[in-house]
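Peer 1: Residue numbers (my numbering), protein chains in the order written: chain A, 4 to 326; chain B, 52 to 256.
Some hints could be false.
Unchecked claim - Mimicking BS3-like on lysine-lysine, the simulated pairs with C-alpha atoms at most 27 Å apart in a straight line are:
1) 211(A) with 9(A)
2) 146(B) with 211(A)
3) 113(A) with 211(A)
4) 308(A) with 113(A)
5) 245(B) with 113(A)
If you're looking for bench data, these hints aren't it; they were derived computationally from the structure.
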Amino acid sequence: MRLNRKAYFYILFFIILFIIPVLTDSRLILNILIMVFFYSYLSLAWNILAGFAGQYSVGHAAYFGIGAYTTALLYLRTGLIPWLGILVGAALASLFALGISYPTFRFGIKGYYYILTTLAVAEILRRIFLYWDLTGRADGIRYPLEPDSFWLFQFHWDRTPYYYIILVFLILCMFISYIIRNSQFGLHLLAIRDDEDAAQSVRINTLKCKLIAAAISAALTAVGGAFYAQYTLFLEPDTTMTLFVSIDILLPSLIGGVGTTAGPLIGSFLLTPLAWILRIAYGAEVLHMIIRGVVLMIVVALVPKGIVGTIIDYYIRPLHIKR
Amino acid sequence: MPIIEHPVSAQTLMTLGLLLVIQNVVIMVWSADPRQVVTDYAKLTFTYGDLYIPLPRFLAFVVAMTLSGILHLFLTRTDSGTAIRATAQDSETAKVLGIDVNKVYALSFGLGTACAAVAGNLVSIYYPIDPFVGDTFLIMAFIAIVLGSMGNYVGAFIAGLILGVVEIFTAFVLSSLLRQVVPLIIFLLVLLLKPEGLFGGRLRE
Numbered sequence: 004m005r006l007n008r009k010a011y012f013y014i015l016f017f018i019i020l021f022i023i024p025v026l027t028d029s030r031l032i033l034n035i036l037i038m039v040f041f042y043s044y045l046s047l048a049w050n051i052l053a054g055f056a057g058q059y060s061v062g063h064a065a066y067f068g069i070g071a072y073t074t075a076l077l078y079l080r081t082g083l084i085p086w087l088g089i090l091v092g093a094a095l096a097s098l099f100a101l102g103i104s105y106p107t108f109r110f111g112i113k114g115y116y117y118i119l120t121t122l123a124v125a126e127i128l129r130r131i132f133l134y135w136d137l138t139g140r141a142d143g144i145r146y147p148l149e150p151d152s153f154w155l156f157q158f159h160w161d162r163t164p165y166y167y168i169i170l171v172f173l174i175l176c177m178f179i180s181y182i183i184r185n186s187q188f189g190l191h192l193l194a195i196r197d198d199e200d201a202a203q204s205v206r207i208n209t210l211k212c213k214l215i216a217a218a219i220s221a222a223l224t225a226v227g228g229a230f231y232a233q234y235t236l237f238l239e240p241d242t243t244m245t246l247f248v249s250i251d252i253l254l255p256s257l258i259g260g261v262g263t264t265a266g267p268l269i270g271s272f273l274l275t276p277l278a279w280i281l282r283i284a285y286g287a288e289v290l291h292m293i294i295r296g297v298v299l300m301i302v303v304a305l306v307p308k309g310i311v312g313t314i315i316d317y318y319i320r321p322l323h324i325k326r
Numbered sequence: 052m053p054i055i056e057h058p059v060s061a062q063t064l065m066t067l068g069l070l071l072v073i074q075n076v077v078i079m080v081w082s083a084d085p086r087q088v089v090t091d092y093a094k095l096t097f098t099y100g101d102l103y104i105p106l107p108r109f110l111a112f113v114v115a116m117t118l119s120g121i122l123h124l125f126l127t128r129t130d131s132g133t134a135i136r137a138t139a140q141d142s143e144t145a146k147v148l149g150i151d152v153n154k155v156y157a158l159s160f161g162l163g164t165a166c167a168a169v170a171g172n173l174v175s176i177y178y179p180i181d182p183f184v185g186d187t188f189l190i191m192a193f194i195a196i197v198l199g200s201m202g203n204y205v206g207a208f209i210a211g212l213i214l215g216v217v218e219i220f221t222a223f224v225l226s227s228l229l230r231q232v233v234p235l236i237i238f239l240l241v242l243l244l245k246p247e248g249l250f251g252g253r254l255r256e
């Protein structure tokens with residue numbers, strides 16, 4: 004009964020979102036919503052590894068960068084259309100995540116040390132991209148401008164195609180999250196998050212589960228990176244792959260509620276428009292970065308479970324107990 | 052609940068938030084332009100045999116060493132220092148023995164911050180500084196701590212020296228763009244193979 008109501012709510016919500024571009028052609032509103040969906044999407048992808056499996060990664064910028072650069076380079080060097088490039092990027096990011104995660108998880112790196120490991124990996128990759136001729140060094144990669152085309156994934160004046168593409172990505176990502184959350188695999192991940200030793204003692208293959216979660220999370224993040232590449236048509240390591248990109252990815256989840264499906268969405272709907280308004284009001288990145296830092300600190304200190312997590316704790320769980 | 056009682060991952064995120072705030076307040080007030088402190092001795096060098104040693108860097112070295120020495124004396128010879136070491140070793144027992152653990156955390160956090168600030172001062176005399184200058188050093192500091200065994204400050208000191216040498220050699224042999232890559236790879240290897248660090252100690256969490 005409850006599940007149905009939730010599903011109806013989501014369907015209604017997404018129908019409204021689908022109608023919005025029909026009602027308005029304001030580039031500002033569409034741009035803001037695109038960014039809202041974009042960060043919801045990335046945060047949901049991060050959430051699969053951090054929220055479900057409990058492995059807090061602060062290095063998702065690496066997967067993001069791999070997705071973005073692979074798509075861009077394949078298009079520039081071989082002319083492969085971005086839609087296929089995205090898939091290659093996602094596969095590469097998965098492989099990279101597996102390569103990094105296997106030794107990390109195999110040697111039992113957790114918690115604080117996992118944060119440091121992911122941070123270091125992302126930083127190594129950023130510095131290699133800054134050094135590597137293939138990735139355009141610090142100059143970055145600029146796309147040649149093509150006429151608007153769905154196949155080439157480039158649109159210039161009209162924002163509507165980007166809007167629908169990222170909205171579909173977001174819905175797919177929510178669907179994947181939902182399926183994982185309600186599968187046996189998802190339960191295994193939650194068990195690992197809550198108590199890894201206990202999970203292992205009931206014969207859950209914790210290493211394998213964590214690896215699969217990392218690979219899925221990395222692939223989805225890489226797709227987000229590819230969207231970013233097609234959206235901005237310009238890539239450089241210092242804006243695409245820094246620690247702050249990783250923070251942007253995890254912040255909506257932290258605000259909304261780590262480990263929930265609705266959390267990242269709510270977090271991004273609150274944070275991203277705020278960031279845009281502040282950027283317009285102040286005319287620079289500075290003010291909204293400050294707010295972002297303040298929000299991060301407040302959330303971590305006062306509402307560590309995020310909005311959704313807190314609501315569940317105070318309203319929904321007690322109701323269940325009463326019944 | 053005070054932040055110190057949260058899990059370490061939450062504390063890490065908290066400090067990252069603080070970093071965002073401070074960096075951007077600095078940009079707001081003083082802009083993001085790189086600056087340098089220009090002193091009379093900025094370009095002075097002295098030679099020792101075949102070695103050319105820039106005076107500002109040498110001064111930074113001397114001050115850093117002196118400060119490390121003072122810190123060592125503080126941690127080993129004073130009551131507060133002993134309390135810090137006791138808390139690091141076993142906070143529960145320290146509490147039982149009447150040490151105000153939260154005060155110790157506050158003191159050591161403040162002390163660490165102050166030392167980092169001195170390091171920032173020293174850097175400004177030979178290195179162009181901008182609001183993001185700390186990021187590079189921050190990661191190197193993490194590496195030094197883990198390499199030198201968490202909680203073992205002598206280990207961190209030695210690890211810091213090793214890292215500095217490795218970094219400069221990488222810059223010299225490979226490329227200055229890759230100078231931090233090799234230390235980071237060493238860091239990853241140590242994390243994987245000897246997570247308690249090179250100099251003994253214990254794991255947190």
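Peer 1: Each hint should be assessed against the structure and marked as holding or not.
Peer 2: Now for the hints, and whether the structure bears them out:
1. Using a Cα cut-off of 27 Å, the hinted pair residue 211(A) and residue 9(A) is violated, with the two alpha carbons roughly 31 Å apart.
2. For the suggested pair residue 146(B) and residue 211(A), the alpha carbons sit about 41 Å apart, so the restraint of at most 27 Å is broken.
3. For the hint pairing residue 113(A) with residue 211(A), the CA-to-CA distance comes to about 15 Å; that is within 27 Å, so the pair holds.
4. For a cut-off of 27 Å, the pair hint linking residue 308(A) to residue 113(A) stands: about 20 Å separates their Cα positions.
5. Of the supplied pair hints, the one linking residue 245(B) and residue 113(A) holds, its CA atoms being roughly 14 Å apart against a limit of 27 Å.
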